[in-house]
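Got two chains here, separate frames each, mind docking them using the hints?
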Amino acid sequence: MDLFTPLLNAIPAVMTFPNLLAMVGGVLAGIIVGSLPGLTATMSIAVLLPLTFAMDPLVALGMMAGIYNGAMYGGAIPAILLRIPGTPAAIVTTFDGYPLAQQGKAGYALQIALLSSAFGGMMSAVAMMILAPPLSLVTLAFGPPEVFWVGIFGMAAVSVFLGDDLPKGLLAALLGLFVGMIGLDPVMSTDRFTFGALELESGIDIVVLMVGLYAIPPCIDMAEETFRKAKTGQKLEFAPFMQTVREIPRFFKVWSWAYIYGIFVGLLPGASGSFVSFLAYERAKKMSKDPQSFGKGNPEGVAASEFGNNADNAAALIPTVTLGIPGSSVAAVIMGGLLVHGLQPGPDLFRNSADIIYGFMIQMFLTSLILIPLGGSFATNLFAQVLRIPRPLLIGLILCLSIVGAYCVQNSIFDVWLMFGFGLLGYVMSKTGLPLAPVALGVILGPLIESNLRLSLLLDVRNEHILFTRPICMVLIALLVLTTVFPPLWKRFSARRKKAQDAA
Amino acid sequence: MKTIHNDVVLGTSVAVLAALGCWRAMDFGADARVFPLLVLMPATVIGVLIAVRGQMRLWRERDNPRFFVNPIRFFQIVFIMGLALFGLQYLGFLTTSAITIPVISFLLGFRKPLPVFVTTGLFLVIVYIVFIQILSRPLPAEIWTWLGN
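Line by line, the protein sequences are chains W and D. Just so you know, full-length UniProt numbering puts 8 at position 8 of the first sequence, and the rest follows in order with no gaps. Just so you know, full-length UniProt numbering puts 47 at position 47 of the second sequence, and the rest follows in order with no gaps.
By construction, these hints were calculated from the structure, which means they are not laboratory data. This structure is a prediction, so every number in the text was calculated from the model and none was measured. Some hints here could point you the wrong way.
Said to hold, decoys possible - Facing chain W, according to a computed beta carbon distance under 8 Å, are these residues of chain D, among others: (1) 14; (2) 28; (3) 29; (4) 39; (5) 40; (6) 46; (7) 48; (8) 69; (9) 70; (10) 75; (11) 77; (12) 91; (13) 110; (14) 113; (15) 127; (16) 139.
Each residue gets a CB set at the ideal place from its N, CA and C atoms; glycine is no exception.
Chain D extracted, bound-state conformation (with noise of 0.2 Å):
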C-alpha cells in the first residue's frame, strides 16, 4: 500500500493555507497587509520545503512515523469533546462534567463506579466552591434554571 509521510500532509496542507492566507491578506488595507504578508510568504515557502523533504525521506528511508498510537481512543476523546461542547451549551456546565467524565473513565476501561462517583462529586463540589461561590463566575446555565424557567 502506497503511504504518505506526515510531513508531505504537513507541509502540503500548511503551504496551501497560507498561500490563501496571502491571497485573502491582499484585499486588506496598504499597510494592514503588510505584517500579514511577511509572516504567510515564508509560512508558504517553509511548507513546500517541509513537504518535498517528508517525500524524499520517504523516498530514501521508506520510513513513515505512525500519527495515531491508538485512533479508537483518539476519536473517542475527540468525540467526547464534541458532546461535552454540545452539553455545555444545552446542560450547563456542572450537569456536563457530571455526565462527561464517568462517561470518560468508563470509555478508556477504568469502571469501577465507587472511585468514579465519588471523584466526579468532589471535582464538582471544588468547582461550585472556587468558581461559583468565591470568585463569582457565571458558569453556563444548568438545564434545571431553563426548565424552571
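Same shape as in the complex, but just chain W (with noise of 0.2 Å):
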C-alpha cells in the first residue's frame, strides 16, 4: 500500500494558517492544563471540544493534537517540582525528577523530560502512520458479527486493564452501554428510558457526558482537599539547552524500549500511559549500571518515563481511527471528537477522508515538535508559575466553562442539567473505585454493539450461528476470554506469589 502519497498529499492541509496556530494554540492549552494538578488531558479535550464545533474539521483535529501532546508533558512540571503528578501518566516522572529538583537540577530535569516528550511523541506519529493504514484495510473484511465481537472485545478489554477491580469495571462498561441506549432504539424507533423527556429522545450527547464526567469531579475534589499553598516563584537554574540536547544519545537505550512498550500498550485498548511509563522505568532500572540511582534523581529514569507516556500517546489511537475502539479515555474523547465532526472511525475515514486522517497523523508528529520551541526554558519558566492560579477560582472558571461547553451542543439547558447530573455520578464512581472511561466507550461503541448484534441475528436465516462460527469472530472470541480472564488469574498469582516471599 502506498503510505507516503496520501501523507504528502494532506500536508498542504495542514500547513494552513488556521491550522498551525490552533496547533499552536492547543500545545500551549495542553501544558497549562496538564501542569495543573488533577485536570487531565481528557477533561482538557473534553471542556475545550465545543469550541471546534464552528472549525473546520482538520483544524478542530490539530488543536486536539496539540492539547494532547502539550497536556502529557505539562504534567511533568508539577511532577518535577512538586512532586504531584499534573497527569496520571506522570507519577514515575516523580520518582528522579522531584530529587533531581531538590539537587538543583529542576531546569535539567524538565528539559530531559521536554526532549523525552517531544521525541516520544514524534516516534509514535510515526508508528501511527506506518500501522493505522494497513490495519484499517484489515477491517473491511469485517462485517456485523465481527463488528460486534470487536466492540465486545473492545468494552472487556477497556474494563480489565483500567482498575484494579474486574466486577467494577464490568460494572462500568454496562452503565457505559446502558446510557447509550437510553433515546429511540436505532431499530425499531421505540422510546427506551427517555420517561417522556423529548431531550432524551435522540440519545444523550457524547460531549455533554465527556464534560460532566471528566470535568466536574476533579473541581469537588479540588473544592474538597485542603488548598495546597500556592507555590512561589521560582527560578528552575536551566542547563544551556544545547548541553542536554547533546546529552541524548545517552537516553537511546532506555528510548528504545519505552518506545516498544508505548506502541504495544498503546494497541491495546484501555491500557494507558502510566503503564507504560511504570515498564519503561523498570526495564531502565534493570538495564543501568548502577540501578541504586533510580528513585534518587537519575536522569534517566525522568527519561524513561516521560518518553513512555508519550510513546502511547498516537499508538493509543490506532485502533480508534481504524476500529472505533479507543486505546484510552483520552482516544475516547478524540473519537466523540471525530464523531461530533461527521467522520466515522474505520476503512471509510481512509477512503473517504484521507486527507483528515493523514492530516490528523501529521498534526500529532508536528505538535510533539512544537513542544520543543514552546516547552523551552521560558516557556516552562512561565508554565511553571500556572501552578500559582489558587484553586478556588480555577474551579470557577471550569464550572462555568463546562456550562458553556454542555449548553453549546444543542442550546438547551436540559443538557447543562444532564451534564451537572454525570458530573456527580463521576464523583460517585471515582470514590467507589469505579472506572470512567468504560463508560464513555460504552456511550460511543453501545449502539454499534447493538446495531451489530440485531444485523446479525436478521443475517442468520439458515440459523447457522454466524456470530460464533466465522473464524475472524472466533479468534476474537479466544481473545476476549484470554483478555477477561488471563489477566485476573495472573493477578492472584502474582499476589500469592508475593505473600509466600514475604512469609519466607
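Written as C-alpha cells, this is what we have:
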C-alpha cells in the first residue's frame, strides 16, 4: 500500500495558517492544563471540544492533537517541581524528577522531560502513520458479527485493564452501554428509558457526557481537598539547552525500550500511558549499571518515564481510527470529536476523508515537534508559574466553562442539567472505584454493538450461529476470553507468590 | 456506630435500579428489549456481587473507605451548581458566571477581590469574544435583555 502519497497530499492542508495556529494554541493550552494537578488531557479536550464545533475538522483535530501532546508533557512540570503528578501518566516522573529538583537541577530535569516527551510523541506518530492504514484495510473483512465482537472485546479490555477491580470495571462498561441506549431504539424507534423527556429521544450527546464525567469530579475533588499553598515563583536553573541535547545519545537505549512498550500497550484498548511509564522505568532500572541511583535523581528515570508516557499517545489512537475502539480515555474523547465532525472511524475514514486522517497523523507529529520550542526554558519557567493560580478561582472558571460547553452542544439548558448529573455520577464513581473510561466507551460503542448484533441475528437466516462460527469471530472470542480471564488470574498468582515470598 | 460499606450502597443501588430497568424493558417491543436485557441483567448480578463482597469486607477487615473528604465543601459545590443552573435560566450565562466565579472563590477561601474580579472579567470577555462574536453561539439570554423587552 502506498503510504507516502496520501501523507504528502495531506501536508498542504496541515500547513495552513489556521491549522498551525490551532496546533500552537492547543499545545500551549495542553501544557497549561497538564501542569495543573488534577486536570487531565481528557478533561481539557472534553471541555474545549465545543470550541471546535464551528471549526474545519482538520483545524479542530489539530487543536486536539496539540492539547493531547502538550498536556502529556505539562504533567511533568508539577511532577518535577512539587512531586505532584500533573497527569496520571506523570506519576513515574516524580520518582527521579523531584530528587533532581531537590538537588537544584529542576531546569535540567524539565529539559530531559521535554526532549523525551517530544521525541516519544514524534516516534509514536510515525508508528501511527505506518500501522494505521494497513490495519484499517484488515477491517474490510469485518461484517456485522465481527464488528459486534470487536466492540465487545474493546469493552472487555477497557474494563479489565482500567482499574484493579474486574466486577467494577464490567459494571462501569454496562453503565456506559445503558447510557448509550437511552433514546429511540435504532431499528424500531421504540422509546427507551426517556421517561417522557423529549430532549432524551435523540440520546445522550457524547460531549455532554464527557464534560460532565471528566470536568466536574476534579472540581469537587479540588474543592474538598485542603488547598495547597500556591508555590511562589522560583528560578529553575536551566542548563544551556544544547548541552542537554548533546546528552540525547545517552538515552537512546532507554528510549528504545520505552518506544516498544508504548506502541504495544497503546495498541491494547484500555492500557494507558502510566502503565507504559512503569514498564519503561523498570526496564531502564534493570539495564542501568547503577540501579541504586534510580529514585534518587537519575535522569534516565525521567527520560524513560516521559518517553514512555508519550510513546503511546498516537499509538492509542490506532485502534480508535481503524476499528472505532479507543485505546485510552483521551482517545475516547478524540473519537467523540471525530464523530461530532461527522467522521466515522474505520476503513471509510481512510478512503473518504484521507486528507483529514492523514493530516491528523501529521498534526500528531508536528505538535510533538512544536513542544520543543514552546516548552523551552522561558516557556517552562512561565508555565511553572501556572501552579500559582488559586484553586478556588480555577474551580469557578472550569465550572462556568463546562456550562457553556454543555449548553453549546444543542443550545439546551437540559444538557447543562444532564452534564451536572453526569458530573455527580462521575464523582460517585471515582469515590467508589468505578473507572470512568468504560462509561465513555460504552456510550460510543453501545449503539454500534447493538445495531451489529441485531443485523447479525437478521443475517443468520439459516440458523448457522454466524456470531460464533465465522473464523474471525472465533479468534475474537478467544482473544476476549484471554483478555478477561488471564489478567485477573495472573494478578492473583502474583499476589500469592509475593505473599509466599514475604512469608519466607 | 454501625457503618455501611460504600460498596454495599453502590451494589444495592445498582442492583435495584438495574432490576427496575429490566422490568421496564419488558414493555419494549420484542427486538427493542433484547439489548437492554442483555445489559441490565448482568448489571443486576454484578451489583449484588459487589454488595455482598463489600459486606464481607466490612465483616472481615472492619474497614470502610471514607466517601467524602470534606462534606461541607461537597455540598457547597453542589449548591453552587444548582444556583448556576437556576441563574442560567433566569439571569443569562454572562451574569450567572459573573456571580458564580466570585461566589465560589469567596466560599472556598480565596478572598482577594482584585484577582478574583480581574479573572472573572477576563473570563467573561474571552467567552463573549469566542462564543458570541466568533462562533456566533446563542448563549442563554441575559436578564437585561428580558428587562429591556
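Verification of the hints:
{"no.": "1", "hint": "14", "verdict": "6 Å, holds"}
{"no.": "2", "hint": "28", "verdict": "5 Å, holds"}
{"no.": "3", "hint": "29", "verdict": "5 Å, holds"}
{"no.": "4", "hint": "39", "verdict": "5 Å, holds"}
{"no.": "5", "hint": "40", "verdict": "7 Å, holds"}
{"no.": "6", "hint": "46", "verdict": "5 Å, holds"}
{"no.": "7", "hint": "48", "verdict": "10 Å, violated"}
{"no.": "8", "hint": "69", "verdict": "4 Å, holds"}
{"no.": "9", "hint": "70", "verdict": "4 Å, holds"}
{"no.": "10", "hint": "75", "verdict": "10 Å, violated"}
{"no.": "11", "hint": "77", "verdict": "5 Å, holds"}
{"no.": "12", "hint": "91", "verdict": "12 Å, violated"}
{"no.": "13", "hint": "110", "verdict": "4 Å, holds"}
{"no.": "14", "hint": "113", "verdict": "12 Å, violated"}
{"no.": "15", "hint": "127", "verdict": "6 Å, holds"}
{"no.": "16", "hint": "139", "verdict": "7 Å, holds"}
In terms of the numbered hints stated before, the structure departs from hints 7, 10, 12, 14, listed from lowest to highest.
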